[in-house]
Amino acid sequence: MFNTLISSNIFFLSLLLWIAGAVGALVLSKNDRTANWWGNSFAILGSCVGLLFSLSVLIIGSTFSFNIDSTLPLLSLSFSVDKLSAFFIFLISLIALLASIYALGYVKHYYKKYNIGALGFFYNIFLAGMVMVVSAHNALFFLIVWEIMSLASYFLVIYENKEKENVQAGSLYFIMTHVGTAFITLAFLLLYRSTGSLDFGVIKETIGNSSPLITDTVFILALIGFGTKAGIIPFHIWLPNAHPAAPSHVSALMSGVMIKTGIYMFIRMFMDMLPDAPLWWGVVILILGAISSLFGVLYALTEHDIKRLLAYHSIENIGIILLGLGSSLVFWSLDMKPLAVLSLVAALFHTLNHAIFKALLFLGAGSVISQTHTRNMEEYGGLIKYMPQTALFFLAGSMAISALPPLNGFFSEWMTFQSLFSGIMASNVPVRWVFILAAGSLAFTGGLAAMCFVKAFGVTFLARPRSENVRHARESGFALRVGMAVLAALTLVIGFTAGSITNAVSGVVSDLSAFNSSEPAFFSTIQTVGMRNGFASISMPLILASLIVTMALTFFAVYLVSRNRKTKIGRTWDCGTTLGPRMEITATGFSNSIVTIFRGALKPTKQTSIEYRDEDMRYFQKSSTVELGIQDIYNRYFYQPVHMLTIKASEYMKRIQSGNINMYVLYILAILIALLFASGM
Amino acid sequence: MSIIIWTIQLALVPAVSPLCIGVVRKIKARFQNRVGAGIFQPYRDLWKLFHKDEVISEDASWIFKCAPYLIFSTTVIIGASIPLFTTIFSINVLGDLLVVIYLIALGTFFLALAGMDVGSAFGGFGSSREMTVAALTEGGLMFSILVPAFSAHSTNLFAISGAVASFSFFAFAPMILALAAFIIAMLAETGRFPFDNPATHLELTMIHEAMVLEYSGKRLALIEWAAANKFFIFLALGANLFFPWGMSSSERLGDVPLALILFFAKILAFSVFVAVLESTIVKFRFFRLPDLLFTSFILSIIAMSLTI
Amino acid sequence: MFRLYYKIISTPKTVIDVQSLGCDTGIDIVGKKLEARLQRSFRGSLAIRAVDAGSTNACEQELTALGNAYYDIERFGIHFVASPRHADMLMVTGPVTRNMKEALVRTYEAVPDPKIVVAVGDDAIDGGIFKGSYGVLDGVHNVIPVDYQIPGDPPSPRIILCGLLQILEMLDSRSKAAQ
Chain A
-3 MFNTLISSNI
7 FFLSLLLWIA
17 GAVGALVLSK
27 NDRTANWWGN
37 SFAILGSCVG
47 LLFSLSVLII
57 GSTFSFNIDS
67 TLPLLSLSFS
77 VDKLSAFFIF
87 LISLIALLAS
97 IYALGYVKHY
107 YKKYNIGALG
117 FFYNIFLAGM
127 VMVVSAHNAL
137 FFLIVWEIMS
147 LASYFLVIYE
157 NKEKENVQAG
167 SLYFIMTHVG
177 TAFITLAFLL
187 LYRSTGSLDF
197 GVIKETIGNS
207 SPLITDTVFI
217 LALIGFGTKA
227 GIIPFHIWLP
237 NAHPAAPSHV
247 SALMSGVMIK
257 TGIYMFIRMF
267 MDMLPDAPLW
277 WGVVILILGA
287 ISSLFGVLYA
297 LTEHDIKRLL
307 AYHSIENIGI
317 ILLGLGSSLV
327 FWSLDMKPLA
337 VLSLVAALFH
347 TLNHAIFKAL
357 LFLGAGSVIS
367 QTHTRNMEEY
377 GGLIKYMPQT
387 ALFFLAGSMA
397 ISALPPLNGF
407 FSEWMTFQSL
417 FSGIMASNVP
427 VRWVFILAAG
437 SLAFTGGLAA
447 MCFVKAFGVT
457 FLARPRSENV
467 RHARESGFAL
477 RVGMAVLAAL
487 TLVIGFTAGS
497 ITNAVSGVVS
507 DLSAFNSSEP
517 AFFSTIQTVG
527 MRNGFASISM
537 PLILASLIVT
547 MALTFFAVYL
557 VSRNRKTKIG
567 RTWDCGTTLG
577 PRMEITATGF
587 SNSIVTIFRG
597 ALKPTKQTSI
607 EYRDEDMRYF
617 QKSSTVELGI
627 QDIYNRYFYQ
637 PVHMLTIKAS
647 EYMKRIQSGN
657 INMYVLYILA
667 ILIALLFASG
677 M
Chain B
283 MSIIIWTIQL
293 ALVPAVSPLC
303 IGVVRKIKAR
313 FQNRVGAGIF
323 QPYRDLWKLF
333 HKDEVISEDA
343 SWIFKCAPYL
353 IFSTTVIIGA
363 SIPLFTTIFS
373 INVLGDLLVV
383 IYLIALGTFF
393 LALAGMDVGS
403 AFGGFGSSRE
413 MTVAALTEGG
423 LMFSILVPAF
433 SAHSTNLFAI
443 SGAVASFSFF
453 AFAPMILALA
463 AFIIAMLAET
473 GRFPFDNPAT
483 HLELTMIHEA
493 MVLEYSGKRL
503 ALIEWAAANK
513 FFIFLALGAN
523 LFFPWGMSSS
533 ERLGDVPLAL
543 ILFFAKILAF
553 SVFVAVLEST
563 IVKFRFFRLP
573 DLLFTSFILS
583 IIAMSLTI
Chain C
39 MFRLYYKIIS
49 TPKTVIDVQS
59 LGCDTGIDIV
69 GKKLEARLQR
79 SFRGSLAIRA
89 VDAGSTNACE
99 QELTALGNAY
109 YDIERFGIHF
119 VASPRHADML
129 MVTGPVTRNM
139 KEALVRTYEA
149 VPDPKIVVAV
159 GDDAIDGGIF
169 KGSYGVLDGV
179 HNVIPVDYQI
189 PGDPPSPRII
199 LCGLLQILEM
209 LDSRSKAAQ
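Chains as they are written, first to last, in this note's numbering: chain A, -3 to 677; chain B, 283 to 590; chain C, 39 to 217.
Don't read these hints as lab results, they were simulated from the structure.
One or more of the hints may lead you astray.
Quick list of in silico lysine-lysine cross-link-like pairs, DSS-like style, CA-CA up to 27 Å [claimed, not checked]:
(1) A:K564 x C:K153
(2) B:K347 x A:K381
(3) A:K562 x B:K347
Every value quoted in this text rests on a predicted model; they were computed, and no experiment measured them.
So here's chain A without its partners, still in its complex pose:
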């Protein structure tokens, strides 16, 4: 049955459903409800078809290819879906399905304020664009659909255009994504020049003849270009502004899936298309991953806007994925294929897990924001009493992202740790130190992420409300809860079926021609996953079972001992004073210790301004304002100097336009002579 599903009909059916959803939403934009229903239902249908298609490719294992040659030279609409692309299509479809179900209820908040038809249009185009990006097989076609995806997401970011900061965020996103596209274009042009073709398959076969200089340059260009999309520090400056600006289900997609297309291209280019990567590629990616994860989580700790906090956590998790990817490249270059398979499986598993729990967290944040009408965490509090189910789902997401057993985040972090430990043991001294420091950064990142989510969950949902907007919050609608509930259930299910899913993911990795004949360095059964050399093993179902059994036994035993005791409800003890909202811990206060400890990296600033009652005497204060801020060090040390350099260079180049006609005639003469020389030779 699955064999028939891998046909062009099914693949294009999903794309067509999305396009139909887009066009129809735009046509029906007069009526908000119909546009919402049409746009999101077609998105759901398209995602279901996409899920079926990708699952059948993953199960059967044959590559789906499709080609339409066009009249334009070099451009052919060619698709090729092997298991890796199918894995990413599965990811996109799954998150799109649940985000669209969520959107059925969420978009109601935009009725009468913004054009729902436009939202439906750009949303569906965005989905179609992402699926085409991960299945494109021709470089020019890839650039076209990459641009479609970026433009659609740009319009979604500036969707709420009545807020000026959203438009500014959109502009920054627009510029940064095109800078990235420029680097990608350069990389593809170099590849074309050295192989004479834009087709990925042909490039893969003929690139072996090119000089290492070309492949190294392509590596750097692709790293910067795709890294801008993926959100690696220091190319990430658009992420914390753009993800909060978009509507929440779009943020979930952008953060959970769109930045993973950058990771997809990393794997496609560095492990599939370009031959034998040298050692330094993997080391560079490892170092970038370590820096991204540490700085991502440190900046997340300083945030009190809930969506910016989640955006910085995306940067952190991309760093963790890069740790797995980098170690895979290192092992591959050292010809230790089993370990390379292990690391790549860890990276892909973390991609899957992160998509699920990040989407869950963004959907939860969206529910909270739409009920309280503010993104500022300092005004939340006590929401667990007003939105109990949303709180439970957000708690599941927080536990998953903090890598706590028995949920799925723990398992992928365990695998990443195992790949780094194997790296420490298997490599020589200089590379070993990179692995040791990478493992250290992963250890600290895990701890700091847990702290950040205690803060995020605690300040938002626990204790008492800190402002009045919270008190009229109600539980989210049914569609919103369904979307979040399925994602939360998935974190648990993927957690205890980790062994089976590892098998599936390692099947994806073995499908890559680089790893076709390698045995992975681990074994995985339904119960246990472990390293073949006996270094470590883990059993996720056993952890879940022992937690449940022990908790049940404890509860039962304590009940037996104290069944005659009563419980009284009383006031919170605070030394007999009156508790007000200002007495609870705030988000800024919670992370104040870490900001002070890491002040060398975060560079916090504090500005006090005082207004006096009498300006001459300056003794009695009328009011005092304190402004706490964080300087972005990548801004100060990377972007500002580049900015200054560009401006200085431009001012210098301005001298060419002297305004003197004689100079211009001299230019024409000089170029003419040079051309004559060049053509003569």
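On the provided structure of chain A, position chains B and C as indicated by the hints.
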């Protein structure tokens, strides 16, 4: 595997940990020239707490009510899956280093949430400090145990203790550094001097105690017991990973009493060490603690570079 | 440092024996009949929370002296705690000033059952030297129900300790009688 050995392994940590706390308090009292409570006093305290009523704040949610059970369960599970007196459980997939560390993190996560749940001024900053110390300790703790793990080619705790027992003399130099790093991490995680004073009444200096100020009755008993379990677990890890001689390695019941006696002797030695340390040094100011935790991390890395 | 350890080890024991305390002074029982359950619970472990309801701090100093190396209250299983939620017994000192009335009531409500309230010092019993003043409420029993009183201005640690031991004995004997 004999049922008796299994039962002892499962029940040893919750059964003996209050005694360990009692011994530490007794020694500290002796240092202060007092007599102090008996060494079985913590058992009486727990028994009394289980027989008291509870007062729960109206601001608390189900997290406050469920957290003590979860925290206690994690300490019991960890206690059952670390090497105590025997190494015959090597095939036990639950003895992995990362599982133990992240289960501890699970307990700390929910304790911090419970501290924030009641919305008191103390609970909030207690949670903040506890998470700061826990986040920075993870590196040192993990790496200090990784040092013998790399030499033993396994992160399974039973395998590590088995391998360390057969180390040559020269392999021990880096182990001393790793032990120093482990001791710093242990003091941080269990809330002892110089990180936290477990007997303080000054809320502004509390870390762990500030989060439990709101608990009463049976839930307070569970949390106190869980803290005692955690202390015992770290002492057992220190004793059995760095000084693993004397553990029984066969299934014969006859070996068990000797192994238990040696184990308790090692635990007693560690308890005396902790008590003497607590009576000698002062509690550090909070912002001096990260320096200490990074020192632990650096020591482990130096030890690691010497072993591999 | 080792000289310090040697000094610690060689210092003779200074803790006073129970017998040489000479506990013959009776303490006053004021409160209601305490249930049997209450008696049974506190054998061997008692947690005290001291509340200062506007006292002159003389009683506080005597309470602090209970934990020193001479009286050493901890050997009887009694210890002081920081939070009323952890406490079994409230020891209230001071004549309960108006400003502390609400705080004292909230502290009382925060203690879980079964609980005991002891008024320590003449001020806490009936206002002491402040009796009749406009700023005080003349004794703890006007604010929260009191079970025992320990008179004195301030009562010396010996008297407080004797009082506590007698309370524990009374609880113990009542529980034995109730069984």
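Going through the hints against the structure:
1. A:K564 x C:K153: Cα-Cα ~14 Å, so holds.
2. B:K347 x A:K381: Between K347 (chain B) and K381 (chain A) the Cα gap is close to 14 Å, so the pair holds against 27 Å.
3. A:K562 x B:K347: Status holds; Cα separation ~14 Å.
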